[in-house]
Structure formats: structure tokens, C-alpha cells
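Chemist: Going down the list, the sequences are from chains A and B. Taking this note's numbering, I'd label the letters of the first sequence as residues 636 to 1355. Taking this note's numbering, I'd label the letters of the second sequence as residues 636 to 1355.
No lab work stands behind these hints: they were computed from the structure. Take the hints with a grain of salt, since some may be wrong.
[Unchecked claim] Pairwise CB distance ranges, derived in the manner of DEER restraints: (1) R974(B) <-> R667(A): 37 to 47 Å; (2) E1284(B) <-> A1118(A): 36 to 46 Å; (3) P1326(B) <-> A1291(A): 48 to 58 Å; (4) S913(A) <-> L1194(B): 37 to 47 Å; (5) R974(A) <-> A1204(B): 23 to 33 Å; (6) A1200(A) <-> L1194(B): 22 to 32 Å; (7) T1101(B) <-> A1291(A): 19 to 29 Å; (8) K1256(A) <-> Q1037(B): 23 to 33 Å; (9) E872(A) <-> P1237(B): 17 to 27 Å; (10) A1210(B) <-> P977(A): 30 to 40 Å; (11) G1074(B) <-> V1104(A): 50 to 60 Å; (12) Q994(A) <-> R974(B): 48 to 58 Å; (13) G945(B) <-> R974(A): 33 to 43 Å.
[To be verified] Taking beta-carbon pairs under 10 Å as the criterion, some of the chain A residues facing chain B (in silico): (14) E750; (15) A753; (16) D818; (17) G958; (18) I959; (19) M1059; (20) R1080; (21) G1084; (22) P1110; (23) P1113; (24) R1251.
The beta-carbon is built from N, C-alpha and C at its ideal position, and this holds for glycine as well.
Protein chains: 2
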Amino acid sequence: MPEPALSARGDAVGLDRLFRPRAVAVIGASHRAGSVGGAVLHNLLRGGFQGPVYPVNRHAPFVQSVRAYPDLASLPEVPDLAVIVVPAPEVPSLLREGARLGVPAVCVISAGFGETPAGRDLETEITTIARGAAMRLLGPNCLGLQNPDPTVRLDATFATTFAPDGHVAFATQSGALGLAALDYAQDLGIGFSLFASLGNKADVSGNDVLEQVARDERTRLVLLYLESLGNGRRFREIAVRLGRHKPIALVKSGRSKAGARAAGSHTGALAGPDSAISALCRQTGVLRADTLEELFDVAMVLANQPLPTGRRVAIVTNAGGPGILAADALEGAGLEVPRLDPATERSLRAVLREAASVQNPVDVLADAGARSFGEALRLVLADPGIDAALAVFVPPITTQAQEVAAAILEVAGGAQKPILSCFMGTHGVPESLRSLHAGRVPSFRFPEGAARALALVTRHAEWRRTEAVVPAATPAAPERAQAALRSARRRLGAEGGWLSGEEATEFCAAFGMALAPAMTVAPDPDAAAAAAEAIGFPVVLKALRGDLLHKSQAGGVELGLANGAAVRAAVSRLAHLGPSGLLVQRQLTGGEEWLVGAVRDPDLGPLVTVGAGGTRTEIWKDVEQRLAPLSDADLDALVGLPRFARTLEGSSGRPAGDRAALRDFVRRLAYAADALSELEEIESNPLLVFPEGLGAAAVDVRIRIGRSAAEPEAHASRRL
Amino acid sequence: MPEPALSARGDAVGLDRLFRPRAVAVIGASHRAGSVGGAVLHNLLRGGFQGPVYPVNRHAPFVQSVRAYPDLASLPEVPDLAVIVVPAPEVPSLLREGARLGVPAVCVISAGFGETPAGRDLETEITTIARGAAMRLLGPNCLGLQNPDPTVRLDATFATTFAPDGHVAFATQSGALGLAALDYAQDLGIGFSLFASLGNKADVSGNDVLEQVARDERTRLVLLYLESLGNGRRFREIAVRLGRHKPIALVKSGRSKAGARAAGSHTGALAGPDSAISALCRQTGVLRADTLEELFDVAMVLANQPLPTGRRVAIVTNAGGPGILAADALEGAGLEVPRLDPATERSLRAVLREAASVQNPVDVLADAGARSFGEALRLVLADPGIDAALAVFVPPITTQAQEVAAAILEVAGGAQKPILSCFMGTHGVPESLRSLHAGRVPSFRFPEGAARALALVTRHAEWRRTEAVVPAATPAAPERAQAALRSARRRLGAEGGWLSGEEATEFCAAFGMALAPAMTVAPDPDAAAAAAEAIGFPVVLKALRGDLLHKSQAGGVELGLANGAAVRAAVSRLAHLGPSGLLVQRQLTGGEEWLVGAVRDPDLGPLVTVGAGGTRTEIWKDVEQRLAPLSDADLDALVGLPRFARTLEGSSGRPAGDRAALRDFVRRLAYAADALSELEEIESNPLLVFPEGLGAAAVDVRIRIGRSAAEPEAHASRRL
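Bound conformation, chain A alone (with noise of 0.2 Å):
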């Protein structure tokens, strides 16, 4: 089911009424312990619910020592929503009943749809009852939903655990996954301001949750666990807007189609199953965690501590040790450890025994008390070269965990730069730690997951400081270039396929891509001799025949011809061929081979690639990726980022590159990518990017068509 576009959105008061609903209808209601309609019931009881909680049973005059209702229709009021727990095939006409009665939203925890090849029609039939009444449907096949807001108290789920009241919304995909999330969320004190199990999405998506937590005045930051990112365009529109007040931090897990795809071409190759998604969280700022341990190391520090301003951390400690620890582990995440100033240096040396070291790591020493403790960490706090501590607290036998926990948190009540804590261990000081946790300040068992978490949001910190923009949608491509692809379609017909030379020279012409000098002549020694004159020596002769691909493989280049008699005895060589005709191309020499190319991801739209090219592209691997449209941060970054990119700068006895010329490539090639819907892969390869301000020319640009718009793949059930 495509997703509806983002005009036809904002049914706020449908996502208000699923999430704040003030009387809910619980249909499957049931006595049995242990079942999920009875599990449902019991929590939407139990949690102490806001508002009345209608059982509907068709048998049972009461369950659970509550009035029961025979349907919908019975009940004293219309409920804002309707949590749905009967078998699937019941579902829809229970829906058709919603939907005349005006229920403005529905959770179908009940599974048997989309997930299963036998439940894919009912799941189109249940969207179309539900989109055609503007009833918003949360699920099927999930786990339901939670707000612990006290005016609210719903727990609509039939997990054991409610989440505490707090400020972190999570969506999750999988439930199973959201159990765990809940169980985990408790036992790191973390609150929740909206907890939804998506489920299938068969309405509700990520996106949706989004836009509520936007709009949710309680809600600080947002924790998705996905599988699929469902409309990557909305998606990166809502995050873009969104990160700047709110982050979101996002496990993406399962290994995409994408992957298994057979390469047509590097780019192709070089698209992994995760390089969108990678791209899309560096473009958005969103915090991409591997593991669902990371997300929350994320959330604690998200939830509690300020944004760090930059990547410097002090490190303070009892112990050398774990000081060196945090250090390695810091600095492999990426942030810095520097010294100290030396003023700080000389303030610390006054309160610290003069064994203690100074330097950063600070170490006080294993016996110095909690007020050493604190003081050097308030210290390194103050020093202007220094962004964030960690302090890393080994419980030795002379001093109290208890004691140094609430020196941390006198430090962290007055700081206007993030905290974190690890006490190494945790068997002995889990009163300390709850301490901290009570008092917002992260705590680790490990110096690494700290540095983790504190390097993802630093990472974030400071996409927040750039200008990150999503460009506005791209314009129509020239008539020129779709009268190419036009033509290539007739050629190819609807299944697609590759663009001859011809037109892809005429395609890439259209959209001002540079590419090397060159023309097309009949296969004729006279023809080609005048060419190549025209064009300038040396050229090259490559011969022309639609099924052609591979033309070196077979025979069909011709390279380093220096004059006209070369030319026309290369063209004799080539007769056997039979070509349709002969590109005579300029042979350039003294550039970079760069690869810039495009490959379009189903959901997320073209995978700009740009990195090193020619003969060692699979070797290296060496790209940056970004989706389009392109921000000049995303150009910047594209032809700044990869290693390759040092070619650019010239050093001893070699020039510059032309960067300017390369980035005006990727960005008329990203243009071109993005504009036309049809064009699945597009990639130069090489790139010549010649010495500063003498351009780029693409040597060889292959383009390929997908399958006809008008045939659609059959895949009708795939999720948003």
C-alpha cells in the first residue's frame, strides 16, 4: 500500500486520540489469565487508566469484574479507541463497525496478516477500511501501546512491564523486541513518554510516530527500532526538522534485498544491504546505535546530560588503569583526550596529592576521598579546552562509593557540560548507582560503552551546529534527456536494461555532465581519420554495436592512436566487430580515475556514490555515500570524505585536483539521478579530475532503466 502524500497527512487529532484516548474498548476482552485478551484487559486496569475501560465480549455479561459489552455499538459511548484482540478473520467486519460509529483509532494486536502469506489480502482489506474512514490502525501483529503520562495511565499492551513516566518516546517493529526494551528500560531507571509496537504498519509508520513526538510538548528525544525505514523522502523531512529540538536515535536491523541484488555496475556493487540507511542517519543526524544496549547507553545520556560543544573529554580517576582504558576507549570512538591547561594543570596539583597525576587522565589516586574526587572533577570541567568529562570510579577499599557518586552529582548540579560516570564493576555499589541515575547522571559499568555513547552524541552535537537542510525537491530534467531515456525505452521495451553508448552520451550532454571529447561516425576509415583530426590526438576508437557491453573484453578499444594512419588501420582491426558505428574519443591522460555514480534504493530513492574509480575500485572500496537530493554539505562532504580525496590536495611535484569540477559533476549526475524516477543506475567510471582548472571528463558514463512504471514488480505487500 503506498504510503499517502505528505499533503494528505496531519491527521493529528487520529494520532492524539490513539495516543491520549479518553475511553477505550477492549474487543476480545477476556477472563483467562495468561491469554492476551485477558492480558490486555488486566493492564489497562492495572495501569490505572484515566478514563473508562469497556470490555466487549460477545458471551460474557462481565470480565474481570467489569461490565461487558456484546459489541461497539452497545457501549455507552464511542471509545476513542479500540484495542482489537479476536482472531484476524474477525477483524475487518469488527473494523466496518469502528468506522461507521466514528472510533478515530484502533490497535489490532491480533496476528494472521501481512507477516504470512495467507494474511497479505486481509491486511489490504483492513488499510482500506481504516484510510477510507480516517480511523488511524496501529498494527496488526503488535504488541500495542503504552503512555504513561499520569493524566493518561494507558497500557494497552500485554507486556508485564509499564514503563515509568518520563520523556523518551520508543516505537519499536518487532514486539518482542519492545518487550526486551521495556524490561531493559526499567532496569536502567530510563521513562517513557509513548510506547508504540508498530507491528506491520499497516497505517501508523515510524514517520507518524514522529510527527506526534514533534507535536508532544513531553516527549525530549525519540528511540526507533526498525526494520524497514518505510518512506525514506518523509522520513529524512521529518528527522531533518525534528533533530534540531529532539534527537532520535535508531537501531535499523535486517539485512535489505538490496544486498542480494546482482551488481550491474561498481556503484551498484558498492550499495550494501545498510549504505542508504548509513547515508540517511549522516544526512539527518540521526544517532544510529548498533545494538538496542547502545540505544538506551544513548538515551541516558540524551535524557539527562547536556550536548556536548565539542569532542575534547577529561578524564578523571582513582586508578591509572581504568584511566588508560577510558583514554583508548575514548579516543577510538573518535573523541580527543588532550591536555590539560595548564593553568587546570596547576589548580589540580594545589588540591591532589603530589603523586596524583595531573595530566588527562586525572588520576587522585585510590586513596584520595570523594571531596578530591570532586574538586578535580569540577576543575577539568572549568578548563575552557574541555567539553565533557567522564569520571571512572574504581570502588577500592579506603574510600565509599557512596561518598563519591554524590560528590559527582554536587559537580553535575552546577555543569553546564555532560557528565558521565562508570563505576567499574557494579557488585557493591548499586545504591551509589541508583543514586545517579535518581540524580541524571549516566552510569557504566565499562568505560567503553560510555565512550560510545558519548561519541555518537557528540556526533550529533555537531550535526546540529551545521546547516543541515534538505534541498528543495528537484526540477524537472531537460526534454533533452527524456526524450534519451525515451528512446532507450523503446529500444529496451518495458523490462529496461542498459543505455547504449549513444545515449547515454546524448543523456549525460543534456544534464552538462563533462565528458570527454568525442564523436560518433559511421564505421568508415575516412569518417573516423576526419574525426579523431577534429578532436585532437591521441584518440581512442571504440566500436559501437547494441549488444556490446564489455567492449574492451571483446576487442572493440582501439587505444593510443597518434595519427591519422593509425586511426584507419585501428578501424580496419575493428571491422570484424561489425559495429553500427565508431565513437572516436580524445585519449586524456594525467587525471585522477574517480567513480561518481548513483544506484536507486526502493525506498530511500538514488545512493549517490563518489570514491576512487578505475581498474581498483572493488579493491579499495573506498566511497562516500550520501542520498539525493545533494546539500552542499552532502557535496562537501562526497568529495571531501573519502580517502581519495587526498589527491585532491596536491603535495610535493603534484598538482591539486580540479575539486571544483569533480563536485560540479557529482552534483549534476546526483540532479540526474534524482530527477528521473526510471533511471536505476548511473555511474562514470573513470572520472578523469585533471589538475586545478582543467577540469573533469568522464571517459565512459553507463546508465540502466528499471522495469517500466507501467509494469509495476509484484510486490504488493510491501511494508511502509
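For chain A, the structure is supplied; the task is to place chain B on it using the hints.
Modeler: Showing chain B alone in chain A's frame:
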């Protein structure tokens, strides 16, 4: 203090007395709770040491209700172990008394030695005393040691935790980490056979502990936390031998000074602070953990489960999301999650519900009972294409975690392949986790930890299946090579420095390293032309002058000289540099540019580096590294594992490279680097590797000798 040679080692008796003493004296035993001297005595008594404990205290007639003695000489017997907790300045005289009485082992807990500048002389003094009396010394500046063997029950530490009895030996250079580790291991239910805090390693080193472990029947695996490895060659010899039977897992922290050293070659620049340790671990099968957490995760698996015989892992789960998460994590860690055998899939289908997924990951569905879960686990383990299983369980409302844990344990009881488990989140399942730990099935909170640990264990198992050997000692260098170095030393003096081109050529020729054909002639046009004629055109001319290192930047290189006239002209162009001679070298083309080099690590010896060379060396940083001396497996890895090795394979239109010639060159260079200890750096970049059968040729070799051995650097306090 240099470590004694291997032959002088093997003081097994002293180490045995240290770890299994029959009587212990505590010098500095104190009444005061909270003092170190008080805590050590308390721990020895409370721990139930199976022998007499003698407090030694100059003033008190008894301490903690135990009769005390004024000095060692007054004790009723000579103790096997004296634990010393008095201030540092008093330690030497106590050690002298112990030596006089014949005390075989001491543990110096006191700080104030080599860890501070003021204490360095004191540390040298106590080491000299101990070595002179063949008395083994643990520490100083350490936490002490524990041996939980019921026949010993030694807790000679001031820690609050006495490790439970078990099969894991743990040695740590940081006492603070040791404290954290004792607590953490207790939480995980891991028992120790030995715990040693090495402190400053004045005498007893990590290598000594490994030797002791080799003799200790009770130890099944060794965990090390080290900041320096000490004698790398001895470590390598012990580790290769011990690792065949008892795995060694290591966390190495601390950024080495090597990283700060100004790099004189690409090889030097590519040898980061960690490179030599990483190479050593790969060569010795040591499991390199990144964090203390990972170290103990690995220990849980090694201590309780058989080694896997391959990388293929089956996942059994009761929820789709966590199954995908687990598959992602396993593949991300380098393991495989293959499809199951069709017969296995059929068997699974017969015992599971229709909606269950019988492909790997096997999803038994949320409402499956413990019996189905166990049966599925048994079936995947029986699959001949599966080497290990990961059970991932999310405690839902309808199944009991306790029963599933019991089912897993039952399957594990009869299994010959490793089983790991993950109970997502832990809230609500601590009982089942306890039963799993007790039943020796490692349990993780999240699948990622399980995946990382299993991957490390699998790599160790693979190493065990290789024929890892430590090559015999490198034979002495040929006299001709030694003469070349002597000549360079005369020119460079005690400080050392770079060899001249002639010296380097002479040196390489002595080792039979393939060099580009070249002759050195006087700076005379006729001589140069004659040499070029003899070598074959085209040639390169290089101006030789002792102080001219970067010839090409100085304009001292003339390329592409195709005939005698060109050579003569080039000689006159070079005249203004006043060369002492000219190198006439055949100009070679058509080879792939490799880098082959070695740089000496002060502890671990020559680190041999092989990979992509030429002008892009620093961009790609694509090298493999191994420590000399090299085994055949090491040579295979060096020429086979860099990504650049794909250029050796050949492809359409490109011949395979001469792998044998590259391998031969690496072997000779490693021999040279290992045979001559004054050689600090040697690098050929580029080494041209030609198509198969055509050999390889070094175009340029740079060699640096270090400071003369007669005048060692002033760092007497270097730790072993």
C-alpha cells in the same frame, strides 16, 4: 632491568611457592580495619587459608586476635610467602632478611616504586635483591594474589571479593582493573584457578604466570589484562605452546610510545601503537578482546562449551525481530548464518507450527512451548552443516523462561557443538539465567555480545587447526651484510641513521634480495653510458651523495634515458649537485607497486609489513603485518591477506603476478631485519612485482640503523 634469558628461567619452585604457599607471613599486618595491612590479614584469615598465617608487627604482640611476631626471623618457621605492606623505604631491608632466611616468594603490595620517578631506584634495588637470592617477587604496587583451590584457599589481597573456585587464571597489570574483574566475574558466576595482580612487574611477569598456568592442571584458560607485553618473543613461544590446550584471552591497553615516534618510512608510519600486538595475537591464536566485558564474555564460552569446528551458526528464536538482530550480529562478526539442510528443515516442519519459520534463523513463534524450543535446538545442532547454535529467547507472556532454560540445558548436556543463549532483557528471568550459568550454557543479555564472543572463539579454534609454529632462531647474517652495516656505522657514528644507497644495495645483495639491475659508476659521461649499455635501456640515473636522501625532490633523478646520448646529457645536468657517484639503474615498467618493510618494536622485535606501495601507500594503508621470525603461515598471510593481493590473481586482460617472487623477497627482508638487531627500519617501496615467472625487483631500499648497542637509551625503568 632486562629479563633473564629463557635458559636461566624455569624457577618453577619459587612460583609454586608463591601461588601455593604452605605458610604465609604478613609483614605490616595491622589491627586497623580499612588499612591495607589490616585488610590483607583479614582476607587471609577469613578466606580460610589452609596453613598458618603469621602476622609480623614490630610493636603489637597480637593482631586481629592472632599472635604476632616482631620480625621474620622470630617466626616458628620460614614461610613460603611473605606479603609486604609496609612503606616502600622499609622494603629493601625486609627483602634482605627474607633472602637471608631463604623465603622463596614475596608479594610486595606497597606502592612508591617504579610507578613514580622517586621510586625507580628503590625498584631496581628490590629487584636486584630478589634475583640475587632466587626469590620470586610479585609486585610491587599491586593488589596481591588469590588461589581459591580448596586445598590452598589463599586470599592475599586487600580486595573485598574472594574469587570462587574455578578453571580460569587471571593476571592483571592494573590492580584497579583486578578489583573490578573480581566483582564482575562473581556476578557472571565465573570461578578462578588463580588471580595475580602483577603491579610493576619488577620480577614476576605475565609470561611467568603463563608458565605457571602451563603446569597447573586446574587451569583451563587464561585471561590477561596487560599494559605492556614484556618480552614478546618469550610470550610468543609460550603462547603458541600453551594455546594449543589452554586458550589465552587478552585485553591490552595503553597507547604505546611507538605511536609518537616520528616515522622515518612508510613502514614506520603504518606501524601504529597497536600493530605489533595485533600481529602477535594473530600469530599465536591469542583471543584479543577489546574490553574487559568482552574478555569475560569469551571466558564464559571457553570455560563452558566445546570449541566450534567451523563458522556456521544456527539461530533458534521465539521472535522474528531478535532473530534478525542475532543474524545481523553474527554476520557482522564474521560468522555465517547459512540455510539449513533440507532434511533438517523437514524435521523442523514436523515439530513446529505451520506459521513457524524453519529457515535459519528458526522462529518457533511466541506461543511455542519449551518442548518445541528444545526440539528445534536439538535438530539444528544435528545438522551436519551447522557448527554452533545460538538460542535467542524473548520471555513473552505465554511461555515460561524457566522451562525454556531447562530445555536448553537438556539439549546442551548431550551436544558436541557449542550452544550460547540470549535471554533478551533480563528483568523477570534471573532465575533461568542462574540455572543456565550453573548448567554451563553461557547466557547473554543481547545477541551482539554472544556474536562477538563466539566469533573470537571460532577464530581461536581455526588457529588451533593451523600448524602454528614459532620458527627456529634466525641464522646469523652473512658476513657481507655485516660488513655493510659496519661501514655504515663508521660513517654514521653511535647515533645511527640512514644507510647510503651503495650501503643499502650491498646489504640487500648479501641477503639475495631482488634489486632492479643497477651499477654504481663515477660521475663521468663515458662510464655512465657504458654502464647503461651493459644494463639495457631505458635507464634511470640517480646522483649519489651521502647527504642526499630525497633525491627526486632535489632534482637528482633523471628518468627514461633511452640511449647513450641521453645518458651523457643527463650526467652533465646532474653535475651541479656534485655527486660522489652515479647510480645507473634499469628503468622498469609493468610491475605492480608493493611495499615491503620492517620496523623494530622495542619489545616485540621486527614488525614485517607488506601491502600496497607506491605513491598511494599512505592513502590506502592496506597492509598486513606479522612479527619476525616468520613461519610459512605468516608468509602466506602477508602476501595473501592485503586487499592489494587481488592484483596477484590476474583478471581479464591482466596476467597474474609473481607471488613466489614477492614471497621470497618478504622472507629475505624479514630474515635481514631479524638477524641484525641494530637494524631499526628497512623498506622497499616500491617493490615491483611482475607477471608470473618474471620475478620482482626493488627499485629503492631504505635502511636505518639505530643507536649503537654500546650506548643504550636512558630508560632503565622500562618494565618487563
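Chemist: Find the hints from earlier in the document that the structure breaks and name them by number, from lowest to highest.
Modeler: 3, 5, 7, 8, 9, 10, 13, 22 and 23
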